[in-house]
Each structure stands twice: as structure tokens, then as C-alpha cells.
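Listed below are the residues making up each chain.
Protein chains: 2
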Amino acid sequence: MLNFDLYMPARIVFGRGTQKEIGKLIKPHAKKVLLHYGGGSIKKTGLYDQVIASLNESGIGYVELGGVVPNPRLKLVHEGIELCRRENVDLILAVGGGSAIDSAKAIAMGVYYDGDVWDIYETGKPIQKALPVAIILTIPAAGSESSGDTVISNEEKGRKYGYGSPLLRPLVSVMNPELFFTLPKEQIAAGVADMMSHIFERYFTNTTHVDLTDALSEATLRTIIANAPRLIDDPRDYDAWAEVGFAGTVAHNGLLGMGREQDWACHDMEHELSAAYDVTHGAGLAVLTPAWMKYVHKDNIDMFAQFALNVMGVSKGLRDKEELVREGIARLQGFYRRMGLPQTLGELGIDGSRLEEMARKGTREYYGKEHPLGGLKKLYWQDVLNIYRIAK
Amino acid sequence: MLNFDLYMPARIVFGRGTQKEIGKLIKPHAKKVLLHYGGGSIKKTGLYDQVIASLNESGIGYVELGGVVPNPRLKLVHEGIELCRRENVDLILAVGGGSAIDSAKAIAMGVYYDGDVWDIYETGKPIQKALPVAIILTIPAAGSESSGDTVISNEEKGRKYGYGSPLLRPLVSVMNPELFFTLPKEQIAAGVADMMSHIFERYFTNTTHVDLTDALSEATLRTIIANAPRLIDDPRDYDAWAEVGFAGTVAHNGLLGMGREQDWACHDMEHELSAAYDVTHGAGLAVLTPAWMKYVHKDNIDMFAQFALNVMGVSKGLRDKEELVREGIARLQGFYRRMGLPQTLGELGIDGSRLEEMARKGTREYYGKEHPLGGLKKLYWQDVLNIYRIAK
Numbered sequence: 004m005l006n007f008d009l010y011m012p013a014r015i016v017f018g019r020g021t022q023k024e025i026g027k028l029i030k031p032h033a034k035k036v037l038l039h040y041g042g043g044s045i046k047k048t049g050l051y052d053q054v055i056a057s058l059n060e061s062g063i064g065y066v067e068l069g070g071v072v073p074n075p076r077l078k079l080v081h082e083g084i085e086l087c088r089r090e091n092v093d094l095i096l097a098v099g100g101g102s103a104i105d106s107a108k109a110i111a112m113g114v115y116y117d118g119d120v121w122d123i124y125e126t127g128k129p130i131q132k133a134l135p136v137a138i139i140l141t142i143p144a145a146g147s148e149s150s151g152d153t154v155i156s157n158e159e160k161g162r163k164y165g166y167g168s169p170l171l172r173p174l175v176s177v178m179n180p181e182l183f184f185t186l187p188k189e190q191i192a193a194g195v196a197d198m199m200s201h202i203f204e205r206y207f208t209n210t211t212h213v214d215l216t217d218a219l220s221e222a223t224l225r226t227i228i229a230n231a232p233r234l235i236d237d238p239r240d241y242d243a244w245a246e247v248g249f250a251g252t253v254a255h256n257g258l259l260g261m262g263r264e265q266d267w268a269c270h271d272m273e274h275e276l277s278a279a280y281d282v283t284h285g286a287g288l289a290v291l292t293p294a295w296m297k298y299v300h301k302d303n304i305d306m307f308a309q310f311a312l313n314v315m316g317v318s319k320g321l322r323d324k325e326e327l328v329r330e331g332i333a334r335l336q337g338f339y340r341r342m343g344l345p346q347t348l349g350e351l352g353i354d355g356s357r358l359e360e361m362a363r364k365g366t367r368e369y370y371g372k373e374h375p376l377g378g379l380k381k382l383y384w385q386d387v388l389n390i391y392r393i394a395k
Numbered sequence: 004m005l006n007f008d009l010y011m012p013a014r015i016v017f018g019r020g021t022q023k024e025i026g027k028l029i030k031p032h033a034k035k036v037l038l039h040y041g042g043g044s045i046k047k048t049g050l051y052d053q054v055i056a057s058l059n060e061s062g063i064g065y066v067e068l069g070g071v072v073p074n075p076r077l078k079l080v081h082e083g084i085e086l087c088r089r090e091n092v093d094l095i096l097a098v099g100g101g102s103a104i105d106s107a108k109a110i111a112m113g114v115y116y117d118g119d120v121w122d123i124y125e126t127g128k129p130i131q132k133a134l135p136v137a138i139i140l141t142i143p144a145a146g147s148e149s150s151g152d153t154v155i156s157n158e159e160k161g162r163k164y165g166y167g168s169p170l171l172r173p174l175v176s177v178m179n180p181e182l183f184f185t186l187p188k189e190q191i192a193a194g195v196a197d198m199m200s201h202i203f204e205r206y207f208t209n210t211t212h213v214d215l216t217d218a219l220s221e222a223t224l225r226t227i228i229a230n231a232p233r234l235i236d237d238p239r240d241y242d243a244w245a246e247v248g249f250a251g252t253v254a255h256n257g258l259l260g261m262g263r264e265q266d267w268a269c270h271d272m273e274h275e276l277s278a279a280y281d282v283t284h285g286a287g288l289a290v291l292t293p294a295w296m297k298y299v300h301k302d303n304i305d306m307f308a309q310f311a312l313n314v315m316g317v318s319k320g321l322r323d324k325e326e327l328v329r330e331g332i333a334r335l336q337g338f339y340r341r342m343g344l345p346q347t348l349g350e351l352g353i354d355g356s357r358l359e360e361m362a363r364k365g366t367r368e369y370y371g372k373e374h375p376l377g378g379l380k381k382l383y384w385q386d387v388l389n390i391y392r393i394a395k
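As they're listed, the protein sequences go chains A and B.
Per the working numbering: the first sequence ends with 395, consecutive numbering throughout.
Per the working numbering: the second sequence ends with 395, consecutive numbering throughout.
Check each hint, because a few of them may be wrong.
Same chains, same label: a pair holds when it works inside one copy or across any pair of copies.
[As the list claims (entries may be wrong)] List time: in silico BS3-like cross-link candidates among lysine-lysine, alpha-carbon distance up to 30 Å:
no., residue 1, residue 2
1, K27, K132
2, K380, K27
3, K380, K34
4, K46, K35
5, K23, K128
6, K30, K324
7, K78, K380
8, K30, K160
9, K23, K132
10, K188, K301
Everything labelled a hint here was simulated from the structure, so no lab data went into it.
Please read these numbers as outputs of a predicted model, since none were measured by experiment.
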């Protein structure tokens with residue numbers, strides 16, 4: 004186990020009716036909030052009215068900025084920063100999924116940053132200050148409700164970069180599984196693939212003596228795998244949502260990665276797909292993850308055999324580790340298929356024409372200095388290209 | 004799953020050498036600290052000197068109060084409160100195990116309380132304010148390094164009460180497994196029994212649809228059971244300590260109990276043993292837990308069968324659930340024995356003479372108004388007496 008620093012301050016208020024408490028929850032921290040959300044869905048479902056009522060009840064003022072899109076854009080972030088400064092906003096309340104939250108975090112740090120907030124994503128330099136962010140989660144997937152991470156797309160530059168800071172950990176996140184009942188099945192499936200990937204990126208490691216986080220990760224993955232298909236059959240299954248929603252938070256609050264060298268190659272490779280083709284992040288991950296496993300598993304066959312046994316429930320009776328691993332990957336693909344997720348880049352509408360460009364951009368080789376991706380196996384741009392080709 | 008409110012703000016800084024960072028870690032929050040510890044062991048091991056050096060390096064002043072004993076006493080808490088007020092202390096740094104930490108938390112809230120801090124333990128009323136508490140952990144067991152709980156013994160009244168508040172969650176806890184190398188085997192074993200009990204108290208529940216916390220709890224218990232015996236064989240096994248120490252924190256930071264009705268009867272029953280006979284908390288739990296299981300398991304046989312299968316590794320081949328559960332309990336007792344823990348009240352030096360008194364005190368029937376213990380099964384004083392008798 005490596006030394007680690009675990010910090011999970013985000014308070015999670017979970018369960019039926021909890022969205023109506025938002026005013027009371029943030030009252031000690033906010034006089035005026037920026038209400039930040041996506042399209043009009045929260046107005047159609049009545050959630051918007053509930054939030055406004057709760058803010059009014061607690062005497063909290065607000066300004067609002069809707070229009071966040073999947074793969075949230077820098078342009079709207081700039082707008083939000085200006086609005087917060089002009090209106091003396093002291094807390095950002097994101098109502099939505101990962102995109103609204105990531106956009107809110109970008110605004111939260113941008114308010115105190117002299118210059119273009121995109122610099123922070125590009126340079127990765129530590130921030131000193133950020134507005135507090137509170138959340139009402141409507142899509143469990145990104146885990147952004149507990150993490151200090153944010154991913155933003157710079158539409159002008161065609162780049163999608165992530166950034167993380169303990170200062171971006173949300174103050175409080177409200178999660179009511181009932182708010183997930185109206186999600187389309189594609190979005191449920193993509194969200195599930197995303198949260199599983201957050202665990203995979205931490206789980207697959209060369210670090211040894213990490214029994215506890217191994218076991219916790221496997222437990223969380225098994226819980227997702229057992230419950231998620233019930234949501235495809237019935238998106239109004241509260242109990243299944245409770246398991247999957249809570250698992251999405253545990254997947255990304257930091258706990259499962261403690262003391263381990265982490266990987267994150269699949270996320271980095273997927274960000275290139277999203278930047279170039281605007282695909283749904285989780286769908287991209289479902290295509291790339293098995294391809295990545297096929298390409299890298301020989302570098303740590305024991306880890307992948309453990310995955311096959313403890314997560315995918317492959318029987319020990321199989322002939323050798325290679326066979327065990329192959330069966331584990333096949334079952335993971337079977338699970339994705341059961342969820343209705345795509346299996347190939349082709350199904351995502353991505354042909355072979357830009358694979359090399361994406362591989363070279365993903366590793367930043369394209370921009371002059373190559374940063375290989377991954378932890379379990381370092382991936383250079385040719386490796387990334389090979390994985391994209393496996394996924395074709 | 005029940006609605007829940009998860010709040011785990013305690014930052015955990017884990018690994019080799021981390022105790023030397025304490026000054027830097029608390030610097031933003033403290034000008035002058037109360038250094039609170041137990042006997043002289045931290046002076047013998049050199050830890051005391053390392054802490055003082057780190058405080059000096061960061062320019063943090065300190066006063067000190069040693070002398071915390073197992074089952075920490077109210078009298079020392081009173082002394083600490085007075086000292087903190089007189090010296091304008093702004094943070095309490097506990098160096099030790101659960102006792103030093105619990106005593107530090109009592110002082111932390113007592114400083115701001117008008118009247119005897121014992122009132123808070125007796126009435127359970129919410130506190131409004133407390134000094135921040137930081138920790139260097141030397142005994143992994145109580146989980147107090149991440150929890151908002153404190154247990155204090157009132158030696159005059161012969162009572163031992165617990166209290167909890169989110170305001171008592173530590174600011175930062177430093178955990179270096181190397182600091183555990185010198186612990187005597189009895190203390191290692193008792194600590195392990197205590198952390199396992201923290202999970203049991205949350206795990207055994209009548210709440211349904213709690214797959215995730217079931218699985219996380221089972222994963223944590225299995226990790227402890229796999230690694231703890233290695234510490235009895237070699238108390239200097241860093242890797243095994245890393246698993247067990249980290250597990251002790253996860254056991255009690257709140258996560259594993261979310262959305263579940265909890266139990267805590269074994270802890271409450273044990274507190275009476277400690278109050279009356281000053282036994283080691285973990286040793287008392289190792290005696291009482293199997294007796295409790297034998298007495299209550301028929302009330303939720305499925306939960307105990309799940310425990311036998313998923314935690315104690317009992318094979319599904321057994322004839323019926325009752326047999327399965329019996330084998331699970333027997334294996335748990337076998338594990339405690341392997342750890343060198345006592346099996347009976349007699350081994351703890353407790354004869355039958357005060358069992359009824361303890362049962363009546365534990366349920367507070369003795370004091371006029373009975374509060375039955377437990378969640379999975381409500382235990383009145385006669386039930387508690389029956390369990391004590393099973394444990395004889």
C-alpha cells in the first residue's frame with residue numbers, strides 16, 4: 004500500500020424528498036446562489052419549482068444560468084463567472100448530472116482566478132480559492148457530486164481536459180433516487196458504464212498489498228452489476244436506483260483509490276472521442292474498456308484474473324489464467340450489451356479516419372511533448388492507436 | 004434503504020513517516036495546541052519528540068496533558084477543559100488510541116459548554132461548537148480517528164456513556180502503521196475485535212435493499228479476518244497493519260451504516276462490563292458478540308446466514324440455515340481464539356454476582372426509565388441478563 008491522503012468532505016444527503024431540504028442545507032453558507040442547470044428537463048419534472056420554493060423558504064436569493072450541455076463548454080463557464088462576479092454570488096447550486104456539476108466547479112474556481120480559467124485546465128496548477136458548490140443530482144454517473152474533479156471542453160481548441168483540487172469537493176450533494184426515474188435508458192446505461200470505469204481506473208494497478216481497496220472495489224462493482232439491469236427493465240425501481248446511485252458516489256469519492264497507483268488511460272482515451280465526435284462519455288468507455296483490457300492484461304495477468312473471479316464471477320475451474328481473463332472480459336462485454344451499450348467505435352459513429360490524430364492528441368504527442376497514458380501499462384500514442392483499432 | 008446523511012470530513016493522512024507532517028497539517032488551524040496523550044509510551048518510542056519537533060518547526064505553541072487511561076475518565080477531561088481555557092488553546096492534538104481521542108473530543112466540546120460536560124453525555128443534547136481535534140493514531144481499534152463519537156467514564160457515578168456529534172469529527176488523522184509495531188498482542192487482538200464490532204453493529208439489521216453497504220461491510224470484515232492473525236504472528240508486519248489499520252477507519256467513519264437501521268446492543272452491553280469491571284473494551288466485545296448472536300439470530304435468520312456465507316466463508320452445502328448460522332458463529336469464535344481473545348466472562352474476571360445489576364443499568368431500567376438496547380432485536384434487561392448468562 005502506498006502512502007495516501009484521503010479527504011471526502013462532501014456531505015451526501017440521500018433519499019426520498021431530500022431535494023426539498025436544499026435551502027436549509029445551504030443556508031449557513033449562502034445569501035445568494037447561482038442556480039446552474041442544463042436543458043429544460045428540470046422545469047418539466049417540477050424539480051425547478053421545488054428548488055426555487057426551498058430557496059425562497061430559506062430566504063436565499065438566486066440568479067440562474069441554464070444551458071449546460073453534455074461535455075460542458077468553456078463558453079458557458081465564462082458567462083457564469085461573469086454573472087457570479089457581477090451579482091456577488093457566494094455559492095453555486097448545480098441541479099443536474101456531471102456536466103452541470105463540472106461546469107459549476109469551473110465557474111467556482113474561475114470567479115477567483117485572474118485570467119482565463121482554461122489556463123488552470125491546461126497547466127494543472129493548484130488553485131487557492133473557489134466558491135462552495137452544492138448539488139442536486141439528477142443523473143448518477145460522473146461521481147462529480149463527491150469528487151473534486153471537473154472536465155471541460157474547449158470548443159474552439161477542440162480539447163477536453165480534466166482538473167482536480169480538494170477545494171472543488173462539493174459542500175453538500177443531495178441525491179434522491181426518485182429524481183432518476185425519468186432518465187432515458189441510454190443515459191442510465193452510459194452512467195453505469197461511467198461509474199464502473201471510475202472503479203476500474205483505480206482497481207487495475209500494479210501496487211501490491213491493497214486487499215481492502217481491492218475488496219471494496221469488487222464489492223461496489225458487483226453491486227452495480229447486480230442492480231443496473233433492473234433499471235433497464237424498470238427505470239422507476241427505487242431500490243435498484245438507491246444501490247446504483249450510492250455506488251456511483253462511492254466509486255468516485257476517492258476511497259477506492261487510496262494507497263494505489265491509479266490508471267485513467269480509458270478516461271483519457273475516451274476524452275479524445277468526446278472532443279472529436281461529441282459521443283456520450285459512458286458509451287465511449289463501454290467501447291474502449293474491453294479493448295484496453297485485451298491490450299494490457301498480459302502486463303498484469305494476476306490482476307485481471309482476480310477481476311474475472313471476484314467481479315465477473317468466472318469459475319476457478321478454467322484451464323489457465325489467460326482463459327480466465329478472456330472469459331472475464333467477455334462477461335463484461337455481455338453486461339454492457341445487456342445494458343444496451345455500444346460495442347464498437349463504429350456503433351458510436353466513429354470511422355477509422357481520425358484514430359491516429361486522436362491517439363496523438365490524447366497523449367499530447369500532437370502538441371509537441373508526449374505524456375504516455377495509464378498506470379498499469381504506460382501507453383504511448385502507438386499503443387493508444389492499437390487500442391482504438393481493437394475497438395473498431 | 005433508508006434516507007441518510009453521510010458526512011466524513013476527517014482527512015486521513017496515511018503511511019510511513021506521516022507523523023512528522025503533523026505541524027504542517029494543522030498549521031492553518033492552530034496557533035497553540037493541547038497535546039493530549041496517555042502514559043509514557045510515546046516518550047519511550049520517540050514519537051513524543053517527533054511531534055514536538057514538528058510543532059516547533061511549524062511555529063505552533065503547545066501545552067500538554069498526559070495521563071489518559073483506558074476507559075478515559077471525566078476527571079482528566081475537566082482538567083483539560085480548564086487548561087484549554089486558561090491557555091487559549093485553539094486545537095487539541097490527541098496522540099494515542101481511542102481513549103486519548105475520546106478524551107480530547109470531550110475536552111473539545113467542554114471548552115465551549117457552560118456547566119459540566121458530563122451533562123452532554125447524560126442528556127445527549129446537540130452541541131453548538133467544539134474546538135477542532137487532530138490525531139496521531141497509535142492504536143487502531145476505536146475508529147475514533149474518523150468518527151464524531153466519544154465515550155467517557157464517570158468514575159464517581161460508575162457510568163460509561165457515549166455521545167456523538169458531526170462537530171466532533173476530527174479535522175485530520177495521521178495514521179502510520181509503523182507506530183503500531185510495538186503494541187502488545189492483547190491490545191492488537193482487542194483492537195481488532197472492536198473494529199469488527201463497529202461493522203457488526205451496522206451490518207446486522209432488519210433494513211432490506213442495502214446491497215452496497217452489505218457488500219462493503221463483508222469486504223471490510225473479510226480483509227480484517229485475513230490480515231489480523233498475521234499481526235499476532237508478527238506485530239511488525241507493515242502490510243498487514245496497513246490493511247487492518249485502514250479497515251478500522253472505514254469501519255467507523257459512517258459509510259458502512261448509511262441507510263440501515265443500526266444495532267449497537269453489544270457495545271452498550273459491553274460498556275456496562277467496562278464500567279463495573281474496567282475490562283478492555285475489545286475483549287469484552289469478543290465475549291459478548293457470539294453470545295448476542297446465539298440469542299438473537301432467530302429474529303433474522305437470513306441476515307445471520309448471509310454473514311456465515313459471505314464473511315465467515317461457510318459452505319452453502321450445510322443442511323439448513325440454523326446449522327449454517329451455528330457454523331458461522333463457531334468460526335467467529337474460532338477467529339477470536341486464534342487472536343488470543345477471551346471466550347467467557349469468567350476469563351475476563353467477571354463472576355455472576357453483578358450480572359443482573361449490569362443488565363438493569365445497561366438498559367437504564369435501574370435508573371427509572373428502561374431504554375431497550377439494539378435494533379435487530381430490542382433487548383430489555385431480562386434479555387441482556389440472558390445474554391450475559393450465555394457468555395458466562
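Enumerated hints in conflict with the structure, sorted upward: Hints 2, 3, 6, 7, 8, 10 not satisfied by this model.
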